[in-house]
Structures are given as C-alpha cells and as structure tokens.
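Undergrad: Each chain is listed here by its residues.
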Amino acid sequence: MNVSIRQLAVHMGGTPVLENLDLDVVAGEFLVLLGPSGCGKSTLLHAIAGLVDVAAGAVHIGGRDVTWADPKDRAIGMVFQSYALYPTMNVERNMSFGLRVAGTPKAEVARRVARAARMLQLEPLLARKPAQLSGGQRQRVAIGRALVREAQVFLFDEPLSNLDAKLRTELRRELKALHRELGATMVYVTHDQVEAMTLATRVAVMRGGRIQQVGTPGEVYARPANMFVAGFLGSPSMNFIEGETSAGGAAVLGVRPEHLALHPADGARSEGEIALVEAMGAHEVVWLDMHGHRLAAIAPATGAHRIGDRVGVQIALDRASVFDPVSQERIELHAGAFHHHPR
Amino acid sequence: MSVPARRRSRSLAAAAALVPMAATVLLAYAGTMAWSVRVSFSGSRTLPVDDFVGLRQYARLFDSERWVLSMQNLAIFGVVFVLACLAVGFLLAVFIDQRVRGEGLLRTVFLYPYALSFVATGLVWQWVLNPELGLQASVRRLGFAGFTFDWIVRQDMAIYAVALAAVWQASGLVMALMLAGLRGIDESLWMAARIEGIPRWRVYLSIVLPMMGPSIGTAFVLLSVSVVKVFDVVVAMTQGGPGLASEVPAKFIIDNLLVRANIGLASAASTVLLLTVLALLAPWFHARAHASRRAGRAARASDPSEAAA
Amino acid sequence: MTATTALPAPRRPRWPAPARVGLYVFLATAAFAFLLPLYVMVVTSIKPMDEIRLGNLFAWPVKVTLAPWAQAWTSACTGLACGGIRVGFMNSVAIVVPSTILSIALGALNGYALSFWRPRGAQAFFVVLLTGAFIPYQVMLFPLIRALAALGLFGTLPGVVLIHTLFGMPVMTLLFRNYYASVPHELFMAARIDGGGFWRIFVQLMLPMSLPIVVVAVIMQVTAIWNDFLVGLVFAGHDWLPMTVQLNNIINTTTGERLYNVNMAATLLTSLVPLAVYLVSGRWFVRGIAAGAVKG
Numbered sequence: 002m003n004v005s006i007r008q009l010a011v012h013m014g015g016t017p018v019l020e021n022l023d024l025d026v027v028a029g030e031f032l033v034l035l036g037p038s039g040c041g042k043s044t045l046l047h048a049i050a051g052l053v054d055v056a057a058g059a060v061h062i063g064g065r066d067v068t069w070a071d072p073k074d075r076a077i078g079m080v081f082q083s084y085a086l087y088p089t090m091n092v093e094r095n096m097s098f099g100l101r102v103a104g105t106p107k108a109e110v111a112r113r114v115a116r117a118a119r120m121l122q123l124e125p126l127l128a129r130k131p132a133q134l135s136g137g138q139r140q141r142v143a144i145g146r147a148l149v150r151e152a153q154v155f156l157f158d159e160p161l162s163n164l165d166a167k168l169r170t171e172l173r174r175e176l177k178a179l180h181r182e183l184g185a186t187m188v189y190v191t192h193d194q195v196e197a198m199t200l201a202t203r204v205a206v207m208r209g210g211r212i213q214q215v216g217t218p219g220e221v222y223a224r225p226a227n228m229f230v231a232g233f234l235g236s237p238s239m240n241f242i243e244g245e246t247s248a249g250g251a252a253v254l255g256v257r258p259e260h261l262a263l264h265p266a267d268g269a270r271s272e273g274e275i276a277l278v279e280a281m282g283a284h285e286v287v288w289l290d291m292h293g294h295r296l297a298a299i300a301p302a303t304g305a306h307r308i309g310d311r312v313g314v315q316i317a318l319d320r321a322s323v324f325d326p327v328s329q330e331r332i333e334l335h336a337g338a339f340h341h342h343p344r
Numbered sequence: 112m113s114v115p116a117r118r119r120s121r122s123l124a125a126a127a128a129l130v131p132m133a134a135t136v137l138l139a140y141a142g143t144m145a146w147s148v149r150v151s152f153s154g155s156r157t158l159p160v161d162d163f164v165g166l167r168q169y170a171r172l173f174d175s176e177r178w179v180l181s182m183q184n185l186a187i188f189g190v191v192f193v194l195a196c197l198a199v200g201f202l203l204a205v206f207i208d209q210r211v212r213g214e215g216l217l218r219t220v221f222l223y224p225y226a227l228s229f230v231a232t233g234l235v236w237q238w239v240l241n242p243e244l245g246l247q248a249s250v251r252r253l254g255f256a257g258f259t260f261d262w263i264v265r266q267d268m269a270i271y272a273v274a275l276a277a278v279w280q281a282s283g284l285v286m287a288l289m290l291a292g293l294r295g296i297d298e299s300l301w302m303a304a305r306i307e308g309i310p311r312w313r314v315y316l317s318i319v320l321p322m323m324g325p326s327i328g329t330a331f332v333l334l335s336v337s338v339v340k341v342f343d344v345v346v347a348m349t350q351g352g353p354g355l356a357s358e359v360p361a362k363f364i365i366d367n368l369l370v371r372a373n374i375g376l377a378s379a380a381s382t383v384l385l386l387t388v389l390a391l392l393a394p395w396f397h398a399r400a401h402a403s404r405r406a407g408r409a410a411r412a413s414d415p416s417e418a419a420a
Numbered sequence: 153m154t155a156t157t158a159l160p161a162p163r164r165p166r167w168p169a170p171a172r173v174g175l176y177v178f179l180a181t182a183a184f185a186f187l188l189p190l191y192v193m194v195v196t197s198i199k200p201m202d203e204i205r206l207g208n209l210f211a212w213p214v215k216v217t218l219a220p221w222a223q224a225w226t227s228a229c230t231g232l233a234c235g236g237i238r239v240g241f242m243n244s245v246a247i248v249v250p251s252t253i254l255s256i257a258l259g260a261l262n263g264y265a266l267s268f269w270r271p272r273g274a275q276a277f278f279v280v281l282l283t284g285a286f287i288p289y290q291v292m293l294f295p296l297i298r299a300l301a302a303l304g305l306f307g308t309l310p311g312v313v314l315i316h317t318l319f320g321m322p323v324m325t326l327l328f329r330n331y332y333a334s335v336p337h338e339l340f341m342a343a344r345i346d347g348g349g350f351w352r353i354f355v356q357l358m359l360p361m362s363l364p365i366v367v368v369a370v371i372m373q374v375t376a377i378w379n380d381f382l383v384g385l386v387f388a389g390h391d392w393l394p395m396t397v398q399l400n401n402i403i404n405t406t407t408g409e410r411l412y413n414v415n416m417a418a419t420l421l422t423s424l425v426p427l428a429v430y431l432v433s434g435r436w437f438v439r440g441i442a443a444g445a446v447k448g
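Protein chains in written order, with this note's numbering: chain X, 2 to 344; chain B, 112 to 420; chain Y, 153 to 448.
Think of the hints as simulated: they come from the structure by calculation, not from any bench. What you are looking at is a predicted structure, and each value in this text was computed from that prediction instead of being measured. Not one of these hints is a red herring.
FRET-style restraints, in silico, Cβ to Cβ: (1) B:400 <-> X:94: 21 to 31 angstroms; (2) Y:173 <-> X:54: 14 to 24 angstroms; (3) B:392 <-> Y:211: 45 to 55 angstroms; (4) B:158 <-> Y:344: 46 to 56 angstroms; (5) B:392 <-> X:71: 42 to 52 angstroms; (6) B:392 <-> Y:434: 25 to 35 angstroms; (7) B:252 <-> Y:173: 25 to 35 angstroms; (8) X:94 <-> B:392: 29 to 39 angstroms; (9) Y:335 <-> B:400: 22 to 32 angstroms; (10) Y:173 <-> B:386: 47 to 57 angstroms.
Yeah, the Cβ is synthetic: ideal placement off N, Cα and C, and Gly gets one too.
Produce the complete structure using the sequences and hints provided.
TA: This is the structure in structure tokens:
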C-alpha cells in the first residue's frame, strides 16, 4: 500500500515544524527518513500515524484519505524506540490485546497470532513477559503486534537507537530480511546514516522541516542535491574546496575522501602535507593540508604514510560534485570546469 | 533498591556513632515491647507486679465487650478507610492526569487536609456532622426537609462517620502517590495503545492499573499502618461515642493504661495489636522479597549477551 | 483500492467534548467537597454565636467578628486554666524545634554511617528499627513512661523531646540512608584517599551536600511533631501540653455552652503552622511523604 503526503503542515505548540511537505512512499518500499535531531522526521512519522493533528494538507494511505482518521483506522503498525510493550502481559497477550478489544472472534485471533509468531520465530516465547526478553526479541514482538492487525504500512521510530553497536547491526539485518519476506511498505526514522544506507530502498534526507532530497542510497550518496546532504552522508564527510568555474562564477567543489588518490610526490600533480593519520584497520584516513585546506583521503593501510610526508593528490573529477556557494545547491557541471584558487 | 555491595570501611567512630541507634532499637523498641509482653502475663493493675498469671489477662480481654467492639470497629474502619482512600485517590489521580488546567491548584486542594492534625480533622468534622447545627440542619433549612445525616450520633453509624473524616484527610496523599506512579508510565505506551485502537478507559483498566502495583502497594501499607494507630481522630471527633459505638483498640489501651489503672489488661491489648501489625506486615515483606528475586532472575534471562532465541 | 474519498471526516479533538466537560465537573465537585470543611471552619470562626445558633452552616456571617479569634488565643478555657491556646502554641514551638533538630541530626548520622561505613551488624539493627516504624505507639507506652519517670524526665520538656526523637528515628534514618545511597561512592572514596576520617567527611562533605533532603526532613518532622497528639498527651505533663492537646481540651471538655466560633478559631490557629509549611513547600511536601514511604 502506498502513502501519499501532500502539502502537509504540522504545528507543535504554535511553531511550525513541517510546512508544505510533499512525499510519496511507493508500495512495498523501505523508505528511511534521515536527518539530525529536530529536523521533523519523527513529527512526519507521527503525522502519518495520526498521533499528531495536521494543520494543513492531506495524508493518503492506499488511496484513502486518512488525514483525520483515527490511528486504528489507518491500517498502520508502529514500532517505538522503547518498543512500548505492555509490561504486565505476556507476549501472546501483547500481540492479541488490540484484536480482543476490537471484538475479533477468538479463533481468528489465535490464527493471526500463530501466523505472526511463526513468521517472527516467537513461538517459544509466547508465555514470557517483556522483562524476560532480550532487545531483539522485544523488537520482534513489537513488530508482531503490528503484524496481527494485518497492517499494510509499518512505521518505525528509531527502534535501534537504545541498543549497543553489536545488537544494532544484528537487528538491522533481521529487519532487512523481514522486509524482503513481508513485502510491506515500511517508513523508518533514524539519525544514523549507516542504518539509512543499509536498510533503505529510498532515503529522504530532512533538515529544518523540509525534505532535502529523496532517492536511492546510491543516488543520494553519489549525487547529493545540496551541501547539507553531501556533508551528512559519508564518514569522514565530503571535502569542500572553494573556487570558481571557467565561466567565472564562484563555486564549491565537493570530493569524497575515497575519491582522493594519494601518489608519491613527483611534482606532476598538486601536493599536500600529511597532518594526521587515523588507522582504521583495513584502510587509513589520511588528513592532509593542501593549498590552505584540510582534506581527508582514504588510502589502503600500507603504513607508508607518515606525518610530515609530502604526497601527490589525484582527484577523481567525474565522481566529484560542484555546488553554488550561496544557495548550496548542486550545479550540473563537470568538475573539470572547476578552478581552484590557492588561499 | 538495595545498597550495592561495597567494601566495609572499618571504623570505630562509625560503630560509636551508631550506638544511639542501637540503644534505641534495643531499649526503646525491642526492650519496651518485651516488657509489655511480660507485663501482659502478670496481674498488674496500677503498678507492675512481678507475678505470672498465664493468659488470664487475655481471657479478660476477649471477655470484655468493649474490647471486642473496638476490634470490630477497627476492622470496619480499616476496610472502609483503605478501600475508599485507594478508590478516591486513584480516581482523583487519573482525572488530574488528563492534562487538566489548574492541576497545581487542584493538587493543593486535595492534599491540604493531610497537613492538618488528626485532632483538627476530628474536630471540624464533629462540627460539620453535628445534626442540630451542622450539615443536616443546614440542608434542611435550604428546603430539603427530609434530609438526614446524623451518623455521628447513631450507634451503628458512628464509626463510619469517623471513617469519612479520615478518608477526607488521607485521600490526597494516595492521590499524590498514584499520580507519581501514573507519571512514570512511558508516553509511547499510550501511543501504541492508540494505534491499536484501545479506548482510554480500557488502557487504564487493563494496562495502567496492573502497572501501578508498587504504588498501590505502598499506599496500602501506609494506610494500613494508620488504621492500626487510629486514635487522635476518634478522641477528637466522638470520644469513642456515642457510648462505646466508635471505640478503637488504641483508645482502649490508653484508657486502661492511664485512666482505669489496668496495666496488665492494657499490655495484653497492646500485644494483640502488635501481633495484628506483624501479621499485616509479614505478607508484604515476603512479597517484596519474592519480587526482587524474580526481578533478578528476569534481568539475567534477558541479558543481550545470551543469543536471541 | 477505492478512489480517494471526496471529503475527509471533520476534525475531532482527542478526548470527546462531553467527556471533557464531565471531567471538569467531577474535579470541581471533588474540590468543592474537599474545601467545604475549611470554608465551614473559617466562616464559623468569624460569626457571632447568635448567628451560629440559627443553624445554617454555610451562611456567610451578617456580622463579621474577630472576637472568637482573640478569645481562642488569650482566654479560652482548658479545664481549669483559662489562658487561651497561646500557651499551647509556645509549648508546641518549644517541643518542635529541638525535636526536629535532634531527630534530623541523628537520622543523618545514622544514614551516613549505614550507607558508607556499614559496621558489622548495623544492617540487622536497621531492619529492626524500620519495623519499629510500623508499631503502634501504645505498645511501647507504659515501659517508656516508667523509664522516663525513673530518669526524672517524665512530664518535662527534655522527656518529650527524647520521645519524639526516638519515634522519629526510623523514618529519618531511612530517608537519609536512601539519599546517601544515591551519592556516588567515588566521592566518598576520594575523600578517604585525601585523608578524611569518619567525622570530617560527615561534617565537611556529606552534610553540606544534604541540603535538599534536610529540607524534606524538616517539612516532615515539623508537620508530624506539631500535629502529634498522643506523645504530648502522655509525656508532656501539665506544663508542656502542646497545642493539639490543648485544642482537644478546649473543645471536648468544656462545660456549659459550647462556643463553636471560638472552637473553630482555635482549630484554625492550631493548624496554621503546618498549613503554612505545606503551602510554602508545595512539591517538597509530597516528595517527603513519598520518600519516607518507599522502603529502600
């Protein structure tokens, strides 16, 4: 089922958080809302869920206008950061409670719970209480609660933020597998770009209540729409070099660290001096000073780079981006037309 | 919450500083209780006598119509007081939790009676429930000629009048405790229930109320302790009357101790009261120990270092 | 999938309007019921007796008079003496101040020693002390009377203060012990490494840090001791009867006509101090009760 958002405006306590927001979520895709704290991604998710009132605009789910519909009528399921499992009920009751309150016949309830438990491997845990479950098990129960309601759209509000790194990578993979198996539409909120890149079929980068760019992880990474998106994705972040175009306008060149190749200093190309080397195991991050800029480059971990060495730098121009320094938007220009002025 | 294990710091000064506490426990608490029990087995009247009369004082005690009545009153008062306070306190807390305006003011209004002494409470309610000049008379003057509210002068209802005054005083405290418990509930739990379409009242009944177990337990214990000790409000409100209708064990003991010079009998009554308190406390302590053991097991079971099932 | 619906449903507030109104009605009614006795107290205390005899509890006085207050303060009769409740006020102050100071000092000391130093066997004593908090005072009354009499303290001010300190020790110790348990142990270790001993660490480090909990303890003790009746009744003797005992004497042991306005004025006077403490302290008051209630 698809989700369609038109000209959405949401105000919290009088101040506008989202304005004139348009977004289309294709049926069956895994869309990640990515952005820093306060960018409005959770608010957008809550608006889709019907947990916050909408000041203007419309929300459509599966072609149906649900702008004023109760959350329960939107065919959605939601997984929260704390999972929000009912602590005094066991897993089976947690999953079946909503259905029982709605008056669903017992046989039907049992059937749906059994199906969800089988898909999520919760069968041995049905009698346990949430306090007796691990983080991953709790996440699956929270998803199971949405599953038994035969939700068409699954909403995730930073479900992995509370967990330690190892558990996070494990649950990320589980979620991705689950998406493949269910084929349901999933909208996922996070501030972690690694989660976004690995989980998403498409990423919507947000900032200050506005969507900066929507695209596949590859698109957003390789062809960022503006300097914010360019700097937000990728670690270490993209290098920015001021200069001007052949036509004479000011411009900023953006180059990712992995697109800066380091060669022995032989005078054939621009040179820089190594200021810092961070060993990352399989590769190194080499920080060098060149023409007054501090740039990051990724190089194989040969151990050949030492502080103070001079190296030649080769930029992969066809992978670089050019931005307008005032609007910070992307300029469609080959990086070869960029000239740099030494500071 | 238990104090985490720490290395004991040896210090004579610490042991010396705790001598007052040890002395208090041994002499003021354990010692006096032991002495009371000892005296209850003697034939003491005005002054303690060092003889041994077995359970004669206890037999006298349960033969005494006044004592039996006081225990019955305690039971009635206890049940009415605890249940009413829990119900009223919980309801008030739930209603205030609905993000009403003027919450601070409302809380002040419901809690101020707890700042009053039991004597003041007894006196003001004695005045309000006075049939000739109080509530009954005033409502009749307003035109409701048939209105009766003379509990305080009726043998069968006097204890309920006392309970009413006590509930007025203590409900605010229960409300404050419950409100704190309600506020501790994660906001996302409410959102999850909304998404599932569970109506608010059902959330309170099936999800919130079970989660309030600890708060309810604390309130219950506090209230129960007040029940056993109830004395001031009876003395101020009805003096145990009319007649003996609102007599309570604590008052029985004081009267026999100080007025009627029946120390042996009073000590026997005290011992019975003490046993009642211990009987009330024992299951609570046991439940807490059981709960903390269970929590320890659950914490180990949900350790993320164990592989997910 | 159906086509987009033409008109969305009209906007609805979360909690339907009639229920919201019902909520406020219930709360207002409850507030009214809770305030009624206070209103009655105040109104009765400023009415002349002839209006009271008319029997309308709620009527605002036609003729407002403060004479009952003056009478309650200076000339109300408790048994034989007719010195007003002012005597009791002074006694209560004389009892409350030292009792509060002493019980808090001992509670802090005990809590500190139990939390950081933990001498052998101290925990066992503490548990017994805690159960003591639940015991009705009547059980301990007679032996304590005998003991105080033997020490020559029965009916004296030091005797009353001592009893209040003893009875207050369990809750005060619990309060401070729980508070110190939440202080990072590293702080204490650092002080010991710096060479601090038992008393130095207590006086120079822990006590200054204890201000929040001392405030709570003061509120609890002032309210509890001021409102106490039993201890004052039994141990204070004729010279030191606190306000609550005197109040009860004025109202329940007077012969002749009962002066309801004077009685209510006296009740209000007795309640002024704890009410003032409550209104000023607000949140701290509840925090104190809850802190004392939640057993560690």
